[in-house]
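2 protein chains.
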Amino acid sequence: MKTAVVALGGNAFQPAGEKWSYKQLARNVDKTCEILKILTKKYRLVISHGNAPQVGLLMLQQESTALAPKMPLDVLDAMTQGQLGYLIQKALNEKLKAKAVTVITQVLVDSHDPAFRHPTKPIGPYYKKKIEEDMVKQPGGWRRVVASPKPLRIIEIDEIKSLVKSGYVVISCGGGGIPVVKDKGKLIGVEAVIDKDLAAAVLAEDVKADMLIILTDVKAVFLNYRGGKGCEMELRKTTPEDAQRYMKEGHFAPGSMGPKVQAAIDFALKGGKTIITSPRYMEEALKGDAGTLIE
Amino acid sequence: MKTAVVALGGNAFQPAGEKWSYKQLARNVDKTCEILKILTKKYRLVISHGNAPQVGLLMLQQESTALAPKMPLDVLDAMTQGQLGYLIQKALNEKLKAKAVTVITQVLVDSHDPAFRHPTKPIGPYYKKKIEEDMVKQPGGWRRVVASPKPLRIIEIDEIKSLVKSGYVVISCGGGGIPVVKDKGKLIGVEAVIDKDLAAAVLAEDVKADMLIILTDVKAVFLNYRGGKGCEMELRKTTPEDAQRYMKEGHFAPGSMGPKVQAAIDFALKGGKTIITSPRYMEEALKGDAGTLIE
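Line by line, the protein sequences are chains A and B. Residues in the first sequence are numbered from 54 upward in steps of one, following the working numbering. Residues in the second sequence are numbered from 54 upward in steps of one, following the working numbering.
Watch out, some of these pointers could steer you wrong.
[Unchecked claim] Each computed DSSO-like pair below joins lysine-lysine, with the alpha-carbon atoms no more than 27 angstroms apart:
id	chain 1	residue 1	chain 2	residue 2
1	B	K55	B	K72
2	A	K239	B	K235
3	A	K239	B	K272
4	B	K55	B	K94
5	A	K148	B	K290
6	B	K290	B	K272
7	B	K55	B	K290
8	B	K218	A	K237
9	A	K237	B	K55
10	B	K239	A	K123
11	B	K340	A	K218
12	A	K261	B	K55
13	B	K323	A	K123
14	B	K94	A	K123
15	B	K235	A	K90
16	B	K214	A	K150
17	A	K55	B	K218
18	A	K218	B	K218
19	A	K239	B	K95
20	B	K76	A	K235
21	B	K90	B	K301
22	B	K95	B	K239
23	A	K95	A	K272
24	B	K218	A	K261
25	A	K237	B	K150
26	A	K218	B	K214
27	A	K150	B	K150
28	A	K235	B	K148
29	B	K218	B	K55
30	B	K323	A	K235
31	B	K55	A	K84
32	A	K150	B	K272
33	B	K290	B	K94
34	A	K237	A	K55
35	A	K76	B	K152
Since the hints were made in silico from the structure, they are not lab data.
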């Protein structure tokens, strides 16, 4: 059986415009997982997920009270892995009758990664106006940004591969993985949020996946998305080289479509295929009738 | 090689009397994990841990602000599994040079468990006086109590066994596991905190452990602890039958030493050995010179 790594969007679980609640989060996780059923006939699944709204909420929550000690961002990342891993695991058990298991995952980054000086990853709620220095404007409003270093290596990869081999649906690298740096042979957590799509590309390479499927809230990769310099065009199929050129031309927003296309390029350069689409179009995308295929 | 399940106390990571902070938590996790090195010559380790202070802090934190949606207690349990699992995993990697991995674990409970009507499990911070209905007095002060149903079955046990068999140090059933009930074949999370020692006894039986080691903040099990009705006595070695009798006589505090002794009784009745001691006395306890052995 073939293996697919599926990267689920943290924003898909708590999208801009919806009133965020636990029920809404659980419902969105359930809905997304249900759609993955289409894949199980052909693929053995390895799941990864984002955590941008969830980790931002935890950060906001702990900053708003002095009653409990604050945790650094790497620990908050770990907490969202538990939170979303549990909900996804339960949904996969129920909807796919799959034996799913969440592995708390650390991902090595470089302590000299330039990302630590230039935060780009939007997290947490959307605001009507800019209320802090490190914020960025997204379609849903202003959001805080944190450092997003490049994932280099998945620390628990052997454990993940062992579980995949034994036939379990493994949920790992949640929120892009908990970022750690190596210091004198010791792993130290750092305050950042790794892009989950870039981490999923590393995961896909490591588990020798036949396909990386990046699920997001748009149906495909667009050129001149929402009124760029020219005609808006849906990319149906492209090569890593062309994708790289479009990237340089500025077609893809950083911290949004940018890292998704970069993940696809990274994986394509190692010989892998990536589909970028929304859950709603996934079935058509698998037939080549929707979404964007990069190979 | 023999297998030992080690149950680490959540209260040991954030004890009454210490000023709670992230640094203090991480330091206590490091210190506890370092001590486990003594075990690695003889045993393959499977780790479980409590989450009473940590889950209580999360509950308190989310109740003190309306900025982020509140999560139910089962989700908070899952978050502490991520939080402490990550810290323990990292400490074991560093101090024991072990390949450690945290598995998010659900544990089945009975929806008709009487515990749901009588909350007994103390969680979160210690207060000088009773500020709520459901609180209990402990040596460190008043604490909130939540329902603590009996663990019946570990949902992810196959995954855990597969990882143990492959030679990894598995951290699982954190905080006693995320409590779930079965409803029409579907698993549903419930608002409770399972006792981690009782869950560790189920885990020890499932992984066919040779030894269950329950680490706590007292050096052994005492009769007439802190001025009961008679002489204070340290139990060095006992049988499940005698332990059961002492329990009935009221020697062990519910939500504290009670469930530890109960866990030891449960495991002894399945043929297992349990040591109850503090990290400081663990080495001596292994030789029979300290702690309490129940078999």
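Each hint, compared with the structure:
Taken as a hint, the B/K55 and B/K72 pair is broken in the structure, with Cα atoms around 38 angstroms apart against an allowance of 27 angstroms. With a C-alpha separation of about 42 angstroms, the suggested pairing of A/K239 with B/K235 is violated against the 27 angstroms cut-off. Taking the CA atoms of A/K239 and B/K272, the gap is about 32 angstroms. The hint is violated against a cut of 27 angstroms. Proposed proximity of B/K55 and B/K94 is supported: the alpha carbons are some 10 angstroms apart, at most 27 angstroms.
Between A/K148 and B/K290 the alpha-carbon distance is near 49 angstroms, which puts this suggested pair outside the 27 angstroms criterion. Between B/K290 and B/K272, the direct Cα distance comes to roughly 13 angstroms. Compliance with the 27 angstroms bound is thereby established for this hinted pair. Proposed proximity of B/K55 and B/K290 is supported: the alpha carbons are some 21 angstroms apart, at most 27 angstroms. Restraint check: the Cα-Cα separation between B/K218 and A/K237 comes to about 30 angstroms, which exceeds 27 angstroms; the hinted pair is violated.
A threshold of 27 angstroms between alpha carbons decides the hint, and for A/K237 with B/K55 the separation of about 32 angstroms lies outside it, so the pair is violated. Distance hint between B/K239 and A/K123 is unfulfilled; the C-alpha atoms sit about 35 angstroms from each other, more than 27 angstroms. Of the supplied pair hints, the one linking B/K340 and A/K218 is violated, its CA atoms being roughly 40 angstroms apart against a limit of 27 angstroms. Of the supplied pair hints, the one linking A/K261 and B/K55 is violated, its CA atoms being roughly 34 angstroms apart against a limit of 27 angstroms.
For the hint linking B/K323 to A/K123, the alpha-carbon distance of about 42 angstroms lies beyond 27 angstroms, and the restraint is violated. A distance of roughly 37 angstroms separates the Cα atoms of B/K94 and A/K123; the hinted pair therefore is violated under the 27 angstroms criterion. A distance of roughly 22 angstroms separates the Cα atoms of B/K235 and A/K90; the hinted pair therefore holds under the 27 angstroms criterion. Taking the CA atoms of B/K214 and A/K150, the gap is near 20 angstroms; set against the 27 angstroms cutoff, the hint holds.
Restraint check for A/K55 and B/K218: satisfied, since their Cα atoms lie roughly 25 angstroms apart, inside the 27 angstroms limit. Restraint check: the Cα-Cα separation between A/K218 and B/K218 comes to about 13 angstroms, which is no more than 27 angstroms; the hinted pair holds. Distance check on the hinted pair: A/K239 and B/K95 sit about 25 angstroms apart at the alpha-carbon level, within 27 angstroms; holds. For the proposed pair B/K76 and A/K235, the alpha carbon gap of about 19 angstroms is at most 27 angstroms, so the pair holds.
For the hint pairing B/K90 with B/K301, the CA-to-CA distance comes to about 36 angstroms; that exceeds 27 angstroms, so the pair is violated. Among the hinted pairs, B/K95 with B/K239 is inconsistent with the structure: their alpha-carbon atoms are about 40 angstroms apart, more than 27 angstroms. Taking the CA atoms of A/K95 and A/K272, the gap is about 22 angstroms. The hint holds against a cut of 27 angstroms. Distance check on the hinted pair: B/K218 and A/K261 sit about 23 angstroms apart at the alpha-carbon level, within 27 angstroms; holds.
Restraint check for A/K237 and B/K150: satisfied, since their Cα atoms lie roughly 14 angstroms apart, inside the 27 angstroms limit. A distance of roughly 14 angstroms separates the Cα atoms of A/K218 and B/K214; the hinted pair therefore holds under the 27 angstroms criterion. Straight-line distance between C-alpha atoms of A/K150 and B/K150 comes to about 36 angstroms, which puts the hinted pair past the 27 angstroms bound. Distance check on the hinted pair: A/K235 and B/K148 sit about 15 angstroms apart at the alpha-carbon level, within 27 angstroms; holds.
This hinted pair checks out: B/K218 and B/K55 have alpha carbons roughly 12 angstroms apart, not beyond 27 angstroms. Annotation: proposed proximity of B/K323 to A/K235 is violated, straight-line Cα distance about 44 angstroms (limit 27 angstroms). Note on B/K55 and A/K84: the hinted pairing is violated, with a Cα-Cα distance of about 44 angstroms set against a maximum of 27 angstroms. Annotation: proposed proximity of A/K150 to B/K272 is violated, straight-line Cα distance about 45 angstroms (limit 27 angstroms).
For the hint linking B/K290 to B/K94, the alpha-carbon distance of about 24 angstroms falls within 27 angstroms, and the restraint holds. Note on A/K237 and A/K55: the hinted pairing is violated, with a Cα-Cα distance of about 39 angstroms set against a maximum of 27 angstroms. The straight-line distance between the Cα atoms of A/K76 and B/K152 is roughly 36 angstroms, outside the 27 angstroms bound, and the hint therefore fails.
Violated hints, listed in ascending order, are 1, 2, 3, 5, 8, 9, 10, 11, 12, 13, 14, 21, 22, 27, 30, 31, 32, 34, 35; each of the other numbered hints is respected by the structure.
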